[in-house]
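Asks: These are the residues of each chain, in order.
There are 2 protein chains.
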Amino acid sequence: MVTVRLALAGVGNVGRGFLELLRDKSALVRDSYGLDLQMVAAADRSGVVAEAAGLDPVELLALKQSGQGVAAYPGGQAGLSAQEMLGLVEADVLLEATLTDLKTGQPGLDLMRAAFERGLHVVSANKGPIVLAYRDLLARAGTAGRDLRFSAAVCGALPTVNIGQRDLVACRIEKIEGIFNSTTNYILGAMTTGAEFETALTEAQRVGVAEADPSLDIEGWDTANKLVILANSVLGYPAQLDEVEVIGIQAITPGALQAASAANRVIKLLALALRRPDGTYRLRVAPTPLPLDHPLARTRGWEMGIVYTTDIMGVQTASVDERGPVPTGAAMLRDVISIYRQRG
Amino acid sequence: MVTVRLALAGVGNVGRGFLELLRDKSALVRDSYGLDLQMVAAADRSGVVAEAAGLDPVELLALKQSGQGVAAYPGGQAGLSAQEMLGLVEADVLLEATLTDLKTGQPGLDLMRAAFERGLHVVSANKGPIVLAYRDLLARAGTAGRDLRFSAAVCGALPTVNIGQRDLVACRIEKIEGIFNSTTNYILGAMTTGAEFETALTEAQRVGVAEADPSLDIEGWDTANKLVILANSVLGYPAQLDEVEVIGIQAITPGALQAASAANRVIKLLALALRRPDGTYRLRVAPTPLPLDHPLARTRGWEMGIVYTTDIMGVQTASVDERGPVPTGAAMLRDVISIYRQRG
Numbered sequence: 001m002v003t004v005r006l007a008l009a010g011v012g013n014v015g016r017g018f019l020e021l022l023r024d025k026s027a028l029v030r031d032s033y034g035l036d037l038q039m040v041a042a043a044d045r046s047g048v049v050a051e052a053a054g055l056d057p058v059e060l061l062a063l064k065q066s067g068q069g070v071a072a073y074p075g076g077q078a079g080l081s082a083q084e085m086l087g088l089v090e091a092d093v094l095l096e097a098t099l100t101d102l103k104t105g106q107p108g109l110d111l112m113r114a115a116f117e118r119g120l121h122v123v124s125a126n127k128g129p130i131v132l133a134y135r136d137l138l139a140r141a142g143t144a145g146r147d148l149r150f151s152a153a154v155c156g157a158l159p160t161v162n163i164g165q166r167d168l169v170a171c172r173i174e175k176i177e178g179i180f181n182s183t184t185n186y187i188l189g190a191m192t193t194g195a196e197f198e199t200a201l202t203e204a205q206r207v208g209v210a211e212a213d214p215s216l217d218i219e220g221w222d223t224a225n226k227l228v229i230l231a232n233s234v235l236g237y238p239a240q241l242d243e244v245e246v247i248g249i250q251a252i253t254p255g256a257l258q259a260a261s262a263a264n265r266v267i268k269l270l271a272l273a274l275r276r277p278d279g280t281y282r283l284r285v286a287p288t289p290l291p292l293d294h295p296l297a298r299t300r301g302w303e304m305g306i307v308y309t310t311d312i313m314g315v316q317t318a319s320v321d322e323r324g325p326v327p328t329g330a331a332m333l334r335d336v337i338s339i340y341r342q343r344g
Numbered sequence: 001m002v003t004v005r006l007a008l009a010g011v012g013n014v015g016r017g018f019l020e021l022l023r024d025k026s027a028l029v030r031d032s033y034g035l036d037l038q039m040v041a042a043a044d045r046s047g048v049v050a051e052a053a054g055l056d057p058v059e060l061l062a063l064k065q066s067g068q069g070v071a072a073y074p075g076g077q078a079g080l081s082a083q084e085m086l087g088l089v090e091a092d093v094l095l096e097a098t099l100t101d102l103k104t105g106q107p108g109l110d111l112m113r114a115a116f117e118r119g120l121h122v123v124s125a126n127k128g129p130i131v132l133a134y135r136d137l138l139a140r141a142g143t144a145g146r147d148l149r150f151s152a153a154v155c156g157a158l159p160t161v162n163i164g165q166r167d168l169v170a171c172r173i174e175k176i177e178g179i180f181n182s183t184t185n186y187i188l189g190a191m192t193t194g195a196e197f198e199t200a201l202t203e204a205q206r207v208g209v210a211e212a213d214p215s216l217d218i219e220g221w222d223t224a225n226k227l228v229i230l231a232n233s234v235l236g237y238p239a240q241l242d243e244v245e246v247i248g249i250q251a252i253t254p255g256a257l258q259a260a261s262a263a264n265r266v267i268k269l270l271a272l273a274l275r276r277p278d279g280t281y282r283l284r285v286a287p288t289p290l291p292l293d294h295p296l297a298r299t300r301g302w303e304m305g306i307v308y309t310t311d312i313m314g315v316q317t318a319s320v321d322e323r324g325p326v327p328t329g330a331a332m333l334r335d336v337i338s339i340y341r342q343r344g
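Heads up: the sequence lines are chains G and X, in that order.
For the first sequence, the positions run 1 to 344 when the working numbering is used.
For the second sequence, the positions run 1 to 344 when the working numbering is used.
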């Protein structure tokens, strides 16, 4: 039995999803994988709590449920940062689940760097640092002899990154097409059946697929982020966010969607990476009419999906119907376990 | 650079597909993965050839193209078996691509056992030994400290096993549904548009999707084999082939398919593993009417696909449009490379 000491930065939806899994799956993880997962520290906006003997995920969840922060946990310290958390207790893996900041990647980026310096592995659901500093982080992980995993950052539990990195081995990938954002997919679906944009957005927020501030989704940047991560990590192409052509769904009308339907097309907010003859990729996010027999045409509502067009492994499609933050927490759990399975 | 010495048993369609990849992808494998792949031995019905300095895949392909066997390669020895091949030259990985025998698993099964005894890893596209002796082979691999990989055995390049084993970590899998056989899927598709069974089969053979003897496909046993492999390797359920309820497509009529269409259903030869409350699984292969919004309803013609219904990672679907034997050879190449990537 190997004890794995976890430090969680960010206890929002995804962080709470992870805590629920720690509560529900710890016994299975011990039995099936020989890993004893211990949450030894957590940080949120309220402050930090660290305890080498382990924190109780049920108690942490109850605190958050009651509107309090982790600083209210016995022994918690108000006002400390996640960076300071790393100095309070020894840990093996940093779980990075703070909010994405697309301009600076902070505070997640510096936190991940500090974690590698201290010899921790990093498992991130946070896209910002991976989008902005993939190569830098990978190099730091290499220097530290530690792992960087982020399978939760691109479509939660759908193994988009893992399929590309681990299964499409020795392939030339001619094209990636993806529907990477549930909010816009849900809205476009509702608008296809006649709803106006604002009505569809309100409905998406009501059922919980859309965030209170959905602008990153609507304007296409959430999708573009995920495309940049795949370009860097799967295609080996050092893409920057500013080279992606990004058109959101703000200007789409129900009329346009219905006209597409009449022509046996369905409009999706499609991410596209298209290989150029020189081995670089054209990157684009835009509302795109797909023929009804396209593998992603039937990706509806909450669903997300990806199509890899390859030279030697055919055309491979993967899609997921996942709801709420638990599947993204589950992807972080997968990453933690994979690190230790792979290292034996 | 690590040299990986390969011994290939079986130079049929899949074996030749692998040789083509060795010809076309060796430089990429050296550059991208630091592995120098050398084919040091090959065995087919004609006999064996072994050469520590490496065989030329182009020359082997030319021999097979001209209707000759590997015994005609310079230094080849007619009449020797694949077992004897293992004694002629040191190798690191056995590539098992001989024909599936569902009753005995031979000669592949004994060959794989001998390979582990000699300290080789085993990469198999051959289903028989995995279906009949999964636990025995896994135990022998463990004793030898070597790896057993068979991602090519269930739907070629589609990573059905890998997604289940490596991505759905810590999940309870409630259900697997699969379309695992191109031949029957192609025939059912043709019959839906009015073709009689015999006409559809002849067409499937003409375009190359069906084997000359398609009885294993038609009667559902190819699909059942793959289901048993997934049950053992992904579900952790020690299924035997004889507990699978198997109904093939022999008795399906165009009328039944068209009646299903009229009711907004499509009939597929579906593999099903359904979790029982006690943790065992009910296993079934049968023509099954799917509603049109089922994730596998649009899996047409050559395509194959799988749906995993899980507790914490949503409902995940993967499908592939792959043709010819190269993708299966590519899955064997993936397995070889994965062994060395994982072991660092």
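If you're looking for bench data, these hints aren't it; they were derived computationally from the structure.
Hints may contain errors.
[Claimed, not checked] Chain G is nowhere near these chain X residues, computed Cβ spacing over 10 Å in every case: (1) Ser-46; (2) Gln-83; (3) Asn-162; (4) Ala-170; (5) Leu-216; (6) Tyr-237; (7) Leu-272; (8) Ser-319.
[Stated by the list, open to error] Anything over 12 Å on all C-beta distances counts as not near chain X; from chain G, calculated: (9) Lys-25; (10) Arg-276; (11) Tyr-308; (12) Glu-322.
[To be verified] Now the stretches of chain X that chain G is said to cover, found in silico as 3 or more residues with beta-carbon under 8 Å: (13) 27–36; (14) 70–78; (15) 143–149; (16) 285–299; (17) 321–327.
Don't be surprised by glycine CBs; every beta carbon is placed ideally from N, CA and C.
Asks: For every hint, state whether the structure bears it out.
Replies: Hints and how they fare:
{"no.": "1", "hint": "Ser-46", "in the structure": "holds (27 Å)"}
{"no.": "2", "hint": "Gln-83", "in the structure": "holds (29 Å)"}
{"no.": "3", "hint": "Asn-162", "in the structure": "violated (6 Å)"}
{"no.": "4", "hint": "Ala-170", "in the structure": "violated (5 Å)"}
{"no.": "5", "hint": "Leu-216", "in the structure": "holds (22 Å)"}
{"no.": "6", "hint": "Tyr-237", "in the structure": "holds (14 Å)"}
{"no.": "7", "hint": "Leu-272", "in the structure": "holds (18 Å)"}
{"no.": "8", "hint": "Ser-319", "in the structure": "violated (5 Å)"}
{"no.": "9", "hint": "Lys-25", "in the structure": "violated (5 Å)"}
{"no.": "10", "hint": "Arg-276", "in the structure": "holds (18 Å)"}
{"no.": "11", "hint": "Tyr-308", "in the structure": "violated (10 Å)"}
{"no.": "12", "hint": "Glu-322", "in the structure": "violated (3 Å)"}
{"no.": "13", "hint": "27–36", "in the structure": "holds (count 4)"}
{"no.": "14", "hint": "70–78", "in the structure": "violated (count 0)"}
{"no.": "15", "hint": "143–149", "in the structure": "violated (count 0)"}
{"no.": "16", "hint": "285–299", "in the structure": "holds (count 3)"}
{"no.": "17", "hint": "321–327", "in the structure": "holds (count 5)"}
The structure does not agree with the numbered hints 3, 4, 8, 9, 11, 12, 14 and 15 stated previously, though it agrees with the rest.
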